[in-house]
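Peer 1: Residue-level listing of the chains:
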Amino acid sequence: MNQAVSMHVASQSARSRSETAAFLLMVAFLVVAPSVIYPLFLMKVLCFALFACAFNLLLGYVGLLSFGHALYFGWASYVSAHAAKVWGLTPELAILAGAATATVLGVIAGSLAIRRQGIYFAMITLALAQMMYFFAIQAPFTHGEDGIQAVPRGRLFGLISLADPMAMYAVVVVIFLACFMLIYRIIYSPFGEVLKAIRENEPRAISLGYKTDRYKLVAFVLSATLAGVAGGTKAIVFQLASLTDVYWAMSGEVVLMTLVGGLGTVFGPAVGAFVIIAMQNYLAAFGQWVMVIQGSIFVACVMLFRRGIVGEIANLLRIKL
Amino acid sequence: MKRLLGLAAVIAAIGCMPAKAQYSDGMIKIGVLNDMSGTYADLAGPGSVVAAQMAVEDFGAAAKGMKVEIVGADHQNKPDIGSNVVRQWIDRDQVDVIVDVPTSSVALAVNEIVREKNKVFLISGAAASNLTGDKCSPNTVHWTYDTWSLANGTGNAIVKTGGKTWFFLTADYAFGHALERDTAAVVEKNGGKVLGKVRHPFPATDFSSFLLQAQSSKAQIIGLANAGADTTNAIKQAAEFGIVKGGQNLAALLIFLTDIKALGLQTAQGLVFTEAWYWDMNDANRDFAKKFSERNKGIYPSMVHAGVYSAVMHYLKAVQAAKADADGKVVVAKMKELPTDDKLFGKGTIRADGRKIHPMYLFEVKKPEESKGPWDLYKVRATIPAAEAFRPIAEGGCPLVKG
Amino acid sequence: MFEIFGIPSQALFGQLLIGLINGSFYALLSLGLAVIFGMLNIINFTHGAQYMLGAFIAFFLLHYAGLNYWAALVIAPIVVGLTGILVERVLLQWLYKLDHLYGLLLTFGLALIIEGVFRNFFGSSGLPYRVPDSLQGGQNLGFMFLPNYRAWVIVLSLIVCFATWYLIERTRLGAYLRAATENPTLVRAFGINVPRMITLTYGFGVGLAALAGVMAAPIYNVSPQMGADLIIVVFAVVVIGGMGSIMGAIVTGFGLGIIEGLTKVFFPEASNTVIFVIMAIVLLIRPAGLFGRRT
Chain A
1 MNQAVSMHVA SQSARSRSET AAFLLMVAFL VVAPSVIYPL FLMKVLCFAL
51 FACAFNLLLG YVGLLSFGHA LYFGWASYVS AHAAKVWGLT PELAILAGAA
101 TATVLGVIAG SLAIRRQGIY FAMITLALAQ MMYFFAIQAP FTHGEDGIQA
151 VPRGRLFGLI SLADPMAMYA VVVVIFLACF MLIYRIIYSP FGEVLKAIRE
201 NEPRAISLGY KTDRYKLVAF VLSATLAGVA GGTKAIVFQL ASLTDVYWAM
251 SGEVVLMTLV GGLGTVFGPA VGAFVIIAMQ NYLAAFGQWV MVIQGSIFVA
301 CVMLFRRGIV GEIANLLRIK L
Chain B
1001 MKRLLGLAAV IAAIGCMPAK AQYSDGMIKI GVLNDMSGTY ADLAGPGSVV
1051 AAQMAVEDFG AAAKGMKVEI VGADHQNKPD IGSNVVRQWI DRDQVDVIVD
1101 VPTSSVALAV NEIVREKNKV FLISGAAASN LTGDKCSPNT VHWTYDTWSL
1151 ANGTGNAIVK TGGKTWFFLT ADYAFGHALE RDTAAVVEKN GGKVLGKVRH
1201 PFPATDFSSF LLQAQSSKAQ IIGLANAGAD TTNAIKQAAE FGIVKGGQNL
1251 AALLIFLTDI KALGLQTAQG LVFTEAWYWD MNDANRDFAK KFSERNKGIY
1301 PSMVHAGVYS AVMHYLKAVQ AAKADADGKV VVAKMKELPT DDKLFGKGTI
1351 RADGRKIHPM YLFEVKKPEE SKGPWDLYKV RATIPAAEAF RPIAEGGCPL
1401 VKG
Chain C
2001 MFEIFGIPSQ ALFGQLLIGL INGSFYALLS LGLAVIFGML NIINFTHGAQ
2051 YMLGAFIAFF LLHYAGLNYW AALVIAPIVV GLTGILVERV LLQWLYKLDH
2101 LYGLLLTFGL ALIIEGVFRN FFGSSGLPYR VPDSLQGGQN LGFMFLPNYR
2151 AWVIVLSLIV CFATWYLIER TRLGAYLRAA TENPTLVRAF GINVPRMITL
2201 TYGFGVGLAA LAGVMAAPIY NVSPQMGADL IIVVFAVVVI GGMGSIMGAI
2251 VTGFGLGIIE GLTKVFFPEA SNTVIFVIMA IVLLIRPAGL FGRRT
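Chains as they are written, first to last, in my numbering: chain A, 1 to 321; chain B, 1001 to 1403; chain C, 2001 to 2295.
Worth flagging that the hints you see were computed from the coordinates, not collected in a lab. Glycine is no exception: its CB is placed at the ideal position from the N, C-alpha and C atoms. Be careful, since some hints might not be right.
What the hints assert, rightly or not - Taking beta-carbon pairs under 7 Å as the criterion, some of the chain B residues facing chain C (in silico):
#1 S1037
#2 L1212
#3 S1216
#4 Q1220
#5 A1239
#6 P1368
Stated by the list, open to error - Quick look at which bits of chain B chain A covers, simulated, 3 or more residues with Cβ under 8 Å:
#7 1071 to 1082
#8 1085 to 1096
#9 1101 to 1114
#10 1163 to 1175
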């Protein structure tokens, strides 16, 4: 543990002012943005930004590529929608119910998947997610192809009505920032340093006495839970939980967002989510070309810009982001 | 001036302009939302946009001083994409009326949003009968057909000609369930029996294992409670597995002109089904079909296209009469108050629950030797009068209907 | 489906045969994946798209060149194999030195591009492809009516699978291949051009996918997303079998097809998920897969 602590201290000092500056810039943007940009669009970006940040915690800092993160996102959105609509829970409790579901699913899927490494890990997570997708089609409470529709946004803590877009926006911003700071905290905690050690060289981490499987599982569950928060929030914002959110294409999208923004950077996934959602939104008129463009971005990122947008900027300016 | 216009366009695009004018933003904006690239692209798709344009032109909107604009979008049969588009259309692009929306799951989602935002929803492509039942809305008119009317027409006709035992092959979503439920009720009411059912994913490609289950049920009739490519695939594969040769018959509960065209008369001949409109029934229809196909890549109009035309026409009349389009409930109330009358559907009415009432027709697919042209596909077997064609208003359970 | 127990044999054998047909496709596709993985250490996510390409080429050949099914059966795998070789030369070969995950991501992106392009031009509803005339009709087996074409699919895929197995496990070329997988440097020292071998292997694996696509065209219609969902099931098949052995991929492919068929009889609701459940169980008991070596 000593080593981790010393690494931690080192990174404390290395944690540069650039990150703080970027964070303040982001908060400022979130405050100003809704008066210029369509709030519903912003909320969608924030939900996906959180989803991508959660995903990045696993891929960027532990080096585990989960190709089935839609499982946690989508199932959390189903449970949140169901909780808000059928059980009549307040929105914050509904989102928590969704996140709790994602945690449970994360424990199950995670403990199966970490039995294999590398490519197998990706394939197993994908297959498990697809299994739960089929389950979502058939389970009566998800309403199959229809999805759970007309989910009430309800009143926050039973008091504040979220029907007003700005109130809803404020809630989403708070959820996003809280989770973002939590992830940041995790990354720079001693626990996070062990994760990075596993990413760099797992056999070495094992030889140092770390039970790496346990660390991997905890990281996996954390990532799943946060993805669940994102999914639950999305269900409340859009008042709909549907099959799209559990489908494998969604898992692919979150990989793309993270890759575009920058693997293993703090701000990358959020930037990536913004770029991809904006692209989908403004190019929606081009129909299926969106899919082609997304594929091309994938190829371009893998072949040419493996650092992603934020990674390239950070590299150019020689700062940490 | 040009710069000013550009600026105005930017402001409009950002979407901060409140709707105050008589015709909100001085313009009536029609949003045609449907499946532009998938299973239903031919029977609705870009053709529905053409049909809406033709309605606007025939109504003579420009001459009457109304500015009408039509936008179209693809919902890919996914409720989340559909509701996203509709929210943006209404919030940002000031769309006043949403038209068509095949795929019941998407229509149900749009139904809720349009109600919440108090705009107008004219359904032509979707079928679920609960859109005028428990899910009915003061902002929605269900125009062309619904699952109850199909089940009623086809189910009645088949049970009465001896098809007593049924097995359902049902697409696993709202529309499929509704169609199966409504048909099963008609079958049982007429003394028939439902032996079983199997639900297949939507969309499905391989029906072999479902068809084998249907075969081993020994039912006389295999009811296909699905639509589009699912129906045509099931019919083709039934032929491949020798099901019709083995003595069982298929009942396509919802099939469109474009599907029959794709199947070919050789495979489809003799199929009996219910529809609301066919292009070769009178001169007005034939004339419409000719003009329509010229603008729609040679594809002839389906009943969904005709329904879009008819619905848009009546909507414009109501807006003109009400002299406003901003308040959706007011417009729909006006639509219900005015009798409907256009060249394709003739005279009709809209009920309090939002159901448009007109006759339905029982068609049979022609034999190859009877057909005189590439689109000469149907013959009329029976007319179901308007009074009997749709579910009685009291049975739907629509909260808008008092008493 | 409660009546099924009233007439068990009929339904059972029927569904078993259909399971075997699905199993043929699983086997062909997982075989291709296993061959590629063996040489390149890459999971080829584009496999589903290449399967779809095979079907589309068959469709083009029939409608634009007037070439029938039998010609397509030969031409489509060659064409797709050549495009595969191009992909390997232009893109994939630069990634071998990196984490294997990049190969997965690249092929995923390629799959999106191919599927998107085809969706654009051909919609997503699928195009019909006729069963060739010489395979029209079917046999009444007593318990079911088996269309001739489906019988042909089972036979052909068995032949192709075992030919591939023989090629890799029993010939000199196969011996080089296996050796190159184990120790590329050593094989290179023997004067064998390993990079070219890798390229050809990718082309061959991809060609197998295209062959499966041509075979699928008359059954499933030709549609842009025909491969996308299938490939995930095939991934699960590969995880169950373990990618160590060619025979493993073949046996698990057919075996899981049959199990899936059985599920359709006894518990139809689970027929979509059964393969994934089996995968989870196998992971618990034998993490390396049924035929895999512990890595």
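Peer 1: Evaluate each hint against the coordinates.
Peer 2: Taking the hints in turn, this is what the structure says about them:
Satisfaction of the interface hint for S1037(B) is found here, the shortest Cβ-Cβ separation to chain C being roughly 5 Å, below the 7 Å cut-off. Because the smallest distance between the Cβ of L1212(B) and any Cβ of chain C comes to about 5 Å, under 7 Å, the interface hint for this residue holds. Interface restraint check for S1216(B): the shortest CB-CB distance to chain C comes to about 5 Å, inside 7 Å, so the restraint holds. Taking 7 Å as the C-beta cut-off, the interface hint given for Q1220(B) is violated, the closest approach to chain C being about 15 Å.
Of the supplied interface hints, the one on A1239(B) is violated, with its beta-carbon coming no nearer than about 10 Å to a beta-carbon of chain C, more than 7 Å. With 7 Å as the threshold, the beta carbon of P1368(B) stays out of range of chain C, its nearest partner Cβ sitting at about 17 Å, so the hint is violated. With 6 residues having a beta carbon nearer than 8 Å to a beta carbon of chain A, the region 1071 to 1082 of chain B meets the requirement of three or more and the stated coverage holds. Counting residues of the region 1085 to 1096 of chain B whose beta-carbon sits less than 8 Å from any beta-carbon of chain A gives 5, enough to reach three: the coverage restraint holds.
By the rule of at least three residues with a Cβ nearer than 8 Å to a Cβ of chain A, the coverage given for the region 1101 to 1114 of chain B holds, with 5 such residues. Against chain A, the region 1163 to 1175 of chain B contributes 3 residues with a C-beta closer than 8 Å to a partner C-beta. That satisfies the three-residue criterion, and the hint holds.
Hints 4, 5 and 6 from the earlier list are contradicted by this structure; the remaining hints agree with it.
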